[in-house]
Amino acid sequence: MITIEMLRNFGADTEEGLARCYNNEALYLKLIGMLPNEKNFDNLSAALAADDLDAAFEAAHALKGVLGNLSLTPMYEKSSQITELLRERTRMDYTPMLKELLDMKERLTAMIND
Amino acid sequence: MNSFIQSNNYKHKVLVVDDEAINRELLQAILSMNYDVTCASNGSEAMDILYRSKEPFSLILLDLLMPQMSGFQVLEACKSDEKLKSIPIIVMTSEKSAEVRTIHKGASDFIPKPYRMPEVILARCERIIELDEEKKFTSSIECDSATGLYIKEAFYAYIERMLPSIRLAMDAAMIRIDGITHIGRMYGKHETDKILRKAAELIRRDLLGNKGIACRMSTDTIGAYCRHKLNCEELAQQAQKELADAFPKYDIRLRAGICERVTKETPVKKWFEYAQSALDNLPEDRFTAPYTEELMERDRRDAQLIADWKEAVDSDQLILRYLPLYRLQGNSPVMCGAQAVWYWQHPTLGLLKPDDFMPLMLKNGLFTRTERKLLRSAASQACKWNQKLPIWVHVTSTERPHEVLSSLIREYSLTTDALVPIFHESAFLEDTAGSVRVIQQTKDLGFTVAMGGFGKRGLPFTTLASLPIDVYMPAASLFAQINTKQNPLSLAIALANNLNAETAVCNVTSKQELDALYDMGCTIAQGDVLSPAVTADEL
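For the record, the sequence lines run as chains A and B. Those letters in the first sequence? Residues 1 to 114, per my numbering, in order. Those letters in the second sequence? Residues 115 to 653, per my numbering, in order.
Hints listed in this document are in silico derivations from the structure and should not be mistaken for laboratory results. A few of these clues could be false.
Claimed, not checked - Taking beta-carbon pairs under 7 Å as the criterion, some of the chain B residues facing chain A (in silico):
#: 1; residue: I136
#: 2; residue: D162
#: 3; residue: R166
#: 4; residue: M183
#: 5; residue: S208
#: 6; residue: P232
#: 7; residue: I235
#: 8; residue: L349
Unchecked claim - Heads up, simulated DSS-like pairs for lysine-lysine below, C-alpha to C-alpha not over 27 Å straight-line:
#: 9; chain 1: A; residue 1: K105; chain 2: A; residue 2: K30
#: 10; chain 1: A; residue 1: K30; chain 2: B; residue 2: K125
#: 11; chain 1: B; residue 1: K219; chain 2: B; residue 2: K325
#: 12; chain 1: A; residue 1: K30; chain 2: B; residue 2: K127
#: 13; chain 1: B; residue 1: K210; chain 2: A; residue 2: K39
#: 14; chain 1: B; residue 1: K570; chain 2: B; residue 2: K502
#: 15; chain 1: B; residue 1: K557; chain 2: B; residue 2: K570
#: 16; chain 1: A; residue 1: K99; chain 2: A; residue 2: K30
What the hints assert, rightly or not - Ranges between beta-carbon positions, derived for each pair:
#: 17; chain 1: A; residue 1: K30; chain 2: B; residue 2: M183; range: 23 to 31 Å
#: 18; chain 1: A; residue 1: R91; chain 2: B; residue 2: A360; range: 28 to 36 Å
#: 19; chain 1: B; residue 1: Q187; chain 2: A; residue 2: K30; range: 45 to 53 Å
All residues carry an ideal CB built from backbone N, CA and C; glycine is no exception.
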């Protein structure tokens, strides 16, 4: 089961994340536990694969909001980077950035399911 | 107020709208401590919840970017819905550019994403709910529930507050919807409220724009303070048309008196008194009229008369005169009675006829004492004349007139045909049931009963049919239109005839008018063409 310590090692700003949850550790970990089911990872991948930059922006933007609220700093920063590029509808190869983001998600999922 | 509510364990209802389950969960956890939280995962679901909810929500927390129905669309839908538009909405967004846009669309505040500390979110929600409740509370005590316009006191207070910064030419208007008092009696307040609401809507749209305010002045009158306009008559005509189209089954008429280019030197309440005066003196064929120098002169004179009245009563400036009444029969009218009236020997204005001051004193409730005196004088004179001529006398402002009349009859050993009491139609508008009862009691004592001012404001036919009136005396305003195409006087006479009553028309000044009255079937007349006012001895 994932712990605050593990999240801190992952790079999360757990102090801020916990404060946002009234220092309720159980709540914070419960919210983190919901992340593997977050549909916008799939939405972003699908939209980028289909070259639909509008839909990709919406998905990235939504992810950024969620990751920010969870204070998952490395993932939040990556999603912000993708969001800003998509905001300008920048045509480029998003695969490396997307992979980085999805890899982090996988690592986190593994910790949650462990 | 909030601490009171919280101390009573009441929780405001808050709706959280966000398509992200994690965000919803987080906000619910934060807000549930103080609020009764409901969540919606998209715009359509949110609208469903809002429409179905029996208890109103106190706040909506709204995400902007959502599939199906965006936050912008929810905001627009709420703000254009009569039931939902008053719910404050806080928008949650990470987009700086969206903040101003949402405020313009009616959002009360925004919370940036990622969320700040929970205390900040709670404080913001609390502040918005409190502000909103204060606003609604203030508006509920400052506004008239039927029209949404200010109540009079708040209206005057706002004008006073605005006044120092007003640089434009402004008008004060009194706008009356004629006919709604009658509609209220026939169909109830619900109907008059609908008409007033529509009138208020038209006034807001055409007269006020964003440069004026309005209030409910009385049952049928709205007061407005607005930019000076040159096309008032045209605007009123247009509004009248729209109002008539909206309520085709009613005969309603929108009319306005305007005090133009009001000045700061005149007290605010005076502007509206002047506008009311213009409205009271509005010609029949017009929708609007300004307050003129001529009216101002008349108002000054009225004020002087009121100021001089007490002395007039105390120092015997009031002189008893008789207006002979003639029965119109054959070629030569025959005297059939005399109306006892006061003339006023005014120290500076000369001899004033009853019409010059009586309506004014009646309107201001100053006639009661003198009316009693008039009744007594009439009874005393009837006694001296051995009841050879019935004396007609107004009992307009006398309380329990049937008792006063019967005690005078006893005191002077008269029979009831010595006096003909004249009641006034306007009394019925204030207390129909009471007036009908008093007239019936007077009639039961054996008096012939007359009704003055007939047809001016219009009594319901059901009331008319039940009234035991012997003689109807049509209002002067009907007689003034004797030469017009409509000629409402002939209608009044025909109606009286149908009610098996007689009609007595006063102030007939020419042979031509007298002939016209014969033709219309009028049975009694009074006026200079028949005889001027005379003293008892002359009579």
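We went through each hint and held it up to the structure:
no.	hint	verdict
1	I136	holds, 5 Å
2	D162	violated, 21 Å
3	R166	violated, 27 Å
4	M183	violated, 14 Å
5	S208	holds, 6 Å
6	P232	holds, 6 Å
7	I235	violated, 9 Å
8	L349	violated, 49 Å
9	A:K105 with A:K30	holds, 16 Å
10	A:K30 with B:K125	holds, 26 Å
11	B:K219 with B:K325	holds, 21 Å
12	A:K30 with B:K127	holds, 25 Å
13	B:K210 with A:K39	holds, 25 Å
14	B:K570 with B:K502	violated, 33 Å
15	B:K557 with B:K570	holds, 23 Å
16	A:K99 with A:K30	holds, 25 Å
17	A:K30 with B:M183: 23 to 31 Å	holds, 28 Å
18	A:R91 with B:A360: 28 to 36 Å	violated, 57 Å
19	B:Q187 with A:K30: 45 to 53 Å	violated, 31 Å
Checked against the numbered hints listed earlier, the structure breaks hints 2, 3, 4, 7, 8, 14, 18 and 19; every other hint is satisfied.
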